[in-house]
Each structure stands twice: as structure tokens, then as C-alpha cells.
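Work the whole structure out from these sequences, hints included.
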Amino acid sequence: EAGVAQSPRYKIIEKRQSVAFWCNPISGHATLYWYQQILGQGPKLLIQFQNNGVVDDSQLPKDRFSAERLKGVDSTLKIQPAKLEDSAVYLCASSLGSENEQFFGPGTRLTVL
Amino acid sequence: GEDVEQSLFLSVREGDSSVINCTYTDSSSTYLYWYKQEPGAGLQLLTYIFSNMDMKQDQRLTVLLNKKDKHLSLRIADTQTGDSAIYFCAESIGGSYIPTFGRGTSLIVHP
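Protein chains in written order, with my numbering: chain A, 1 to 113; chain B, 1 to 111.
Keep in mind that the hints were calculated from the coordinates and are not lab data.
Take the hints with a grain of salt, since some may be wrong.
[Claimed, not checked] Under the rule of at most 25 angstroms between Cα atoms (straight-line distance), these lysine-lysine pairs were calculated in the DSS-like manner:
#	chain 1	residue 1	chain 2	residue 2
1	A	Lys15	A	Lys71
2	A	Lys44	A	Lys11
3	B	Lys67	B	Lys36
4	A	Lys15	B	Lys67
5	A	Lys44	B	Lys36
6	A	Lys78	A	Lys62
[Unchecked claim] Only some residues are given here: those of chain B computed to face chain A with a beta carbon under 10 angstroms:
#	residue
7	Leu8
8	Gln44
9	Phe50
10	Phe101
11	Arg103
Only a predicted model underlies this, so the values are computations on that prediction, with no experimental measurement involved.
Idealized CB from N, CA, C, for every residue including glycine.
Below, the structure written as C-alpha cells:
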């Protein structure tokens, strides 16, 4: 069974530029999560989707971050404009439901110069 | 302070046991988890324990939970070089299944 796919794997941008990340969850998984993992820290939840609806986006900096899951499958996370402190690994995870084990993708490493 | 705290590094010899410790602050934790992260990879759930349990064993892994002291440990028996990774302790609180992660413990296994 294919795992969670993310692209790109690496991205380097300058501050104030925009960037988008893509996630394809495991087939049949209704719940999708985006996490931010800053170097030396554990992942922190940014947003949780149940199908195409947002369950929790309380930790998403909405002035610059946005995410969507329009058809309830793939998801994109966008940062516009990026700041230096956005440098991190962005992890996508999916689960059958919100009570089930989360499976993580390999992440996208973002460097903002 | 952090909700979940772990020591940052642990170095062991191949074949020895490793014990990774974690403390948490929220007494309403429902589940406590151990995740493994290998270089360039996402997190992998290793094991979890429900808050009303004291111990859970799964092959080479033993999880001990001391609720009174809010202390969780992961013991890896017969540690191998393939066990070298970052291990994250995490808790979920109340009715949420969203884990709150610690900073991770980097386990280095040397021959």
C-alpha cells in the first residue's frame, strides 16, 4: 500500500516569496493533517481536515498560511509571504478517521533566506 | 515550560538496552505515544499506552507509565544500529487524539 506522498521534498525561497506544498494521503483516509516541525523541536499541528472540511485550524497563522482539501483527497498548504521563521519541515499525515493511527509522509523541508 | 520534556541525546552500545525517558505535565492525558523518526523520513508510530495502563510490551519494546510522577519511558532491548533515530514522546489530552510532541531524543547506537 502506498504511503503518504509529499512534494516537493525540498524548497528554498527568499523571504516575502510564496510557496506551496502538496500532499496525497493514503487512499481511503478521511482525515488529513499538516504539521510544522522546526529544527530541534517536535511537530506542531497546523491544521486538521475531515474529508474536505476543516476540523481544527487554531494553530494556523492565518495571516500568511492557508490550506485546502477541495475534493477531500489531496491537500495543498500555502505560505504567502514567507518569513525567515517559517523555515521548517512541513509534514503531512493521514488517518482513516480522527481516532485512528496517523501515517506521516516524508515531509517538505523549507528554507527561507 | 514545555508540556512534554525529553532529554536530547542518548548513546548506547550495540546489544545493550536503551531507556528513553519523558515527563509530561497534563494529568488528563488519554494516550501516550512513542514515535520514531529516521533521517529524511516522516514519523512512525512505534507504540502507545492508554493512560490507565502501567506497562505495555511489544517484542523488544517496553513502555512504562508512572501516572503519579507523570513519567513515561521506552526501553529498547538488544539495541541495534538500525534503532539509531530520533524518538518522540507525545501525549493526547482529553477527547483529542492529536498528539502533543516533545523535542525528541536522538538515540545513537555505536558498535
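Using 10 angstroms as the Cβ threshold, decide whether Arg103 of chain B counts as touching chain A.
Since chain A brings a Cβ to about 5 angstroms from Arg103 of chain B, closer than 10 angstroms, the hint holds.
Are the Cα positions of Lys15 of chain A and Lys71 of chain A separated by 25 angstroms at most?
violated (31 angstroms)
Could you grab the alpha-carbon distance between Lys78 of chain A and Lys62 of chain A and see if it respects the 25 angstroms cut-off?
holds (10 angstroms)
For the pair supplied as a hint, Lys15 of chain A and Lys67 of chain B, confirm whether the alpha-carbon distance does not exceed 25 angstroms.
Not satisfied, since the Cα-Cα distance of roughly 45 angstroms exceeds 25 angstroms.
Does the alpha-carbon distance linking Lys44 of chain A and Lys36 of chain B stay inside the 25 angstroms limit?
holds (16 angstroms)
Holds or violated: Gln44 of chain B as interface residue toward chain A, Cβ cutoff 10 angstroms?
holds (7 angstroms)
When the nearest CB of chain A is found for Leu8 of chain B, is that gap smaller than 10 angstroms?
holds (8 angstroms)
Minimum beta-carbon distance criterion (10 angstroms), Phe50 of chain B to chain A
violated (13 angstroms)
Compare the distance between the alpha carbons of Lys67 of chain B and Lys36 of chain B with 25 angstroms, and conclude whether the hinted pair is satisfied.
holds (23 angstroms)
For the pair supplied as a hint, Lys44 of chain A and Lys11 of chain A, confirm whether the alpha-carbon distance does not exceed 25 angstroms.
holds (20 angstroms)
Hint validation: Phe101 of chain B versus chain A, beta carbon distance must be below 10 angstroms. Holds or violated?
holds (3 angstroms)
Hint compliance for this structure: hints 1, 4, 9 are broken, all remaining hints hold.
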